[in-house]
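Fit chain F with the ligands to the supplied structure of chain P, relying on the hints for placement.
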Amino acid sequence: MARGARGPAAPMDFTSGELSGGEPLSSTPAVEQVGADGRGAATNLNPDELLKFYHDMLLIRRFEERAGQLYGMGLIGGFCHLYIGQEAIAVGMQQVFKPGDQIITGYRDHGHMLAAGMDPKEVMAELTGRSGGSSKGKGGSMHMFSTEAGFYGGHGIVGAQVALGTGLAFADWYRGTDNCSFAYFGDGAANQGQVYESFNMAQLWKLPVVYVIENNQYAMGTAVERSSATTEFHMRGASFGIPGEQVDGMDVLAVRDAGARAAERVRSGAGPIILEMKTYRYRGHSMSDPAKYRTRDEVDQMRSTRDPIEHIRPLLDGAGVGADRIKAVDDEVKSVVAEAVQFAQSSPEPDPRELYTDVYLESLA
Amino acid sequence: MPSLNMIQALNSGIDTAMSADPNVLSFGQDTGYFGGVFRVTDGLQRKHGLTRSFDAPIAEGGIVATAIGMAVYGLRPCVEIQFADYIYPGYDQLVSEAAKIRYRSGGEFTTPITVRTPYGGGIFGGQTHSQSPESLFTHIAGLKTVVPSNPYDAKGMLLAAIADDDPVLFFEPKRIYNGPFDGWHDRPVKPWAGHELAEVPEGSYTVPLGQARTMREGSDLTVLAYGTMVWVSLAAAEEAGVDAEVIDLRSLVPLDIDAIVASVKKTGRCVVVHEAPRTSGYGAELSALVQERCFHHLEAPIQRVTGWDTPYPHAFEWEYFPGPKRVAEAMRRAMEG
Ligand SMILES: Cc1ncc(C[n+]2csc(CCOP(=O)(O)OP(=O)(O)O)c2C)c(N)n1
Ligand SMILES: [Mg+2]
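Sequence order for the protein chains is P and F. Under the numbering used here, the first residue of the first sequence is numbered 600, with each subsequent residue one higher. Under the numbering used here, the first residue of the second sequence is numbered 10, with each subsequent residue one higher.
Hints listed in this document are in silico derivations from the structure and should not be mistaken for laboratory results. All residues carry an ideal CB built from backbone N, CA and C; glycine is no exception. Possibly wrong hints are sitting among the right ones.
[Unchecked claim] To be clear about the criterion: a stretch of chain P counts as covered by chain F if any three or more of its residues have a C-beta under 8 Å from a C-beta of chain F, and this derived list gives those stretches:
#1 789 to 797
#2 942 to 951
[Claimed, not checked] Just a sample of chain F residues kept apart from chain P, beta carbon distances all over 10 Å, derived:
#3 G70
#4 V81
#5 S105
#6 P200
#7 E208
#8 R225
#9 P263
#10 S289
#11 P310
#12 R335
#13 R342
Next comes chain P alone, as it looks inside the complex (with noise of 0.2 Å):
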């Protein structure tokens, strides 16, 4: 069914019950799973996808590494979250992106801003706190917005975006367009109450929105059973009857082909969907994370065994894609950082009176 037919072309009548249209739902929700071995089973390989996939999985890679740095260095103050281990999922997701989308996350953002094609130099520099960031030096690592690419921040409250990006899909609706948002959010965030107000209004609705969990097994230093009832996180949606499925967020092949298929089902408008991404961060939760709460020898587990870019290399080499390709996109990934981090070093301080700006429209001070 095409959602453009579904828009309120008249003054919207909430008690009819006729908000959306959307089939109705079973009452027990499908939970797809991906194959037995955990890796999606591959499906048409394109060499061009497969390198622009490990470009912008290496590219935020890079780019955090990097601005580790600058914080050990002092370049960066406050507070950064690393998407380090995480990139599979914010690249492969993009794939199904179409613009007029949304895309709303949390802190952990730098990597969905890349993804979203987001100007490193202008996220480098938001971190450092310069005038040429992309919220002019005033929203930090946590707070960064760009219209163009359709990212609605960046949210340092964490769950706040998942009740806002419900919102976004409201407003997809609303305008009777097929654009639908995306809800990232992380295992920890999926606790906070004003999830389950979304949820059910989404689902009452039938509100064109993807529920992205990053479920990267600990929520700062408590690990998901410390914190949850249930761990599946995919479920949560049950009682609303939402349905959920679950996928190798460390296969951006996986996440891609589970992003279609979510993508399609709320753009049709039958409704939101959540998708729950296992995976895992590499990093510390922020840049002074004293890690005591996991082993080393769990995090070079996954790091050795699990990582998504090495993941990709065997296929960009089925795929016949050459090494001096490969080369190639390491060298431009490798300036373009260069570049960023050249620029927020150099980009000037913001004005001190921009500190009374962007409060109202019209300034009061």
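Chain F with the ligands in isolation, oriented as in the chain P frame:
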């Protein structure tokens, strides 16, 4: 007597309360197994067990609300909201339930909860990790709101808060957890070790809620401050060369109005300092009280030094944070006026 920083002093406070009273519990995000992101609850789970020191999900509304339920039925939960900036999902429960249960039950039920929460700036935390929301709570009848400024008070006030039969918001100035930061951010930071107020007794003692502490006696003007701003004000007095009487309020509600009035009557001038934004900040209440009670003794307009009426920015930490220079200027203005 051991020299403790504020984190260790608070830890000792919770430990002491839990050891003395089986009804005292400690929970919050990452506070159990991990020991808290600022380490305030470190070791408590090992010592007091999983049922009394545990991890809560990221659900501030739920944390505060379940604590209220526990408290109404006789437990004394001491919960941690990891940063004061995260407290808002629990605000409804604090305002609508905790603050009013005593009143609405005609005194039959009480809510002896303590909500510990680190607040304030100077840490490059930006808009969601640096706020000072104390006046949102001082505005609510039925809640107590307190702010220690040093390890000795931190432990004594925490023990008083946990023993208190009313709900207490316990704001911890996180910038001074490790040392009395005075706002001179380009100078080396002094640790608490060796500081007189870092001598924290073992075992139980209380610092009653509602008593200010005169940190420095002086005759030129009175400074009313709390939390980190106490240390900034002391540095500012030196900077301005003013013989300031610096009063650490310690407790905003209940307020030691007698100490304030006595000091302002003596000096005739008053500077109010806080990190929170100016409009409707607690300084507005302090200015009004001083004006009402000391009008005929005032020789100059009351000066307020506060954060600006903007969100806490990422890039302008030291423009936003009321440092010793700004406070010293206000002192000079108060002396001229
Ligand atoms: C309302 C709120 N509560 C607590 C925090 C502190 N906090 C920031 S991130 C985090 C853990 C979140 O974990 P998760 O959702 O799993 O995301 P991850 O960091 O693993 O990406 C916590 C507790 C916050 N920022 N906002
Ligand atoms: Mg997590």
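Checked hints:
1. Here's how the stretch 789 to 797 of chain P fares: 4 of its residues keep a CB closer than 8 Å to some CB of chain F, so the rule of at least three is met and the hint holds.
2. With 3 residues bearing a CB less than 8 Å from a CB of chain F, the stretch 942 to 951 of chain P meets the requirement of three and the coverage assertion stands.
3. For G70/F, the non-interface assignment is contradicted: its Cβ lies about 5 Å from the closest Cβ of chain P, within the 10 Å cut-off.
4. At roughly 20 Å from the closest C-beta of chain P, the C-beta of V81/F stays outside 10 Å, upholding its exclusion from the interface.
5. For S105/F, the non-interface assignment is confirmed: its Cβ lies about 15 Å from the closest Cβ of chain P, beyond the 10 Å cut-off.
6. No beta-carbon of chain P is positioned within 10 Å of the beta-carbon of P200/F; the least distance is around 18 Å.
7. For E208/F, the non-interface assignment is confirmed: its Cβ lies about 27 Å from the closest Cβ of chain P, beyond the 10 Å cut-off.
8. Against the 10 Å criterion, R225/F stays outside the reach of chain P, whose nearest CB is about 31 Å from its own CB.
9. No Cβ of chain P comes within 10 Å of the Cβ of P263/F; the nearest lies about 31 Å off, and the non-interface call holds.
10. Its beta-carbon lying about 14 Å from the closest one in chain P, S289/F satisfies the requirement of being farther than 10 Å from that chain.
11. A cut-off of 10 Å between C-beta atoms confirms that P310/F is not in contact with chain P; the least separation is 20 Å.
12. For R335/F, the requirement that its beta carbon stay farther than 10 Å from each beta carbon of chain P is met, with the minimum near 13 Å.
13. No beta-carbon of chain P comes within 10 Å of the beta-carbon of R342/F; the shortest separation is about 19 Å.
Hint 3 from the earlier list is the only one contradicted by this structure; the remaining hints agree with it.
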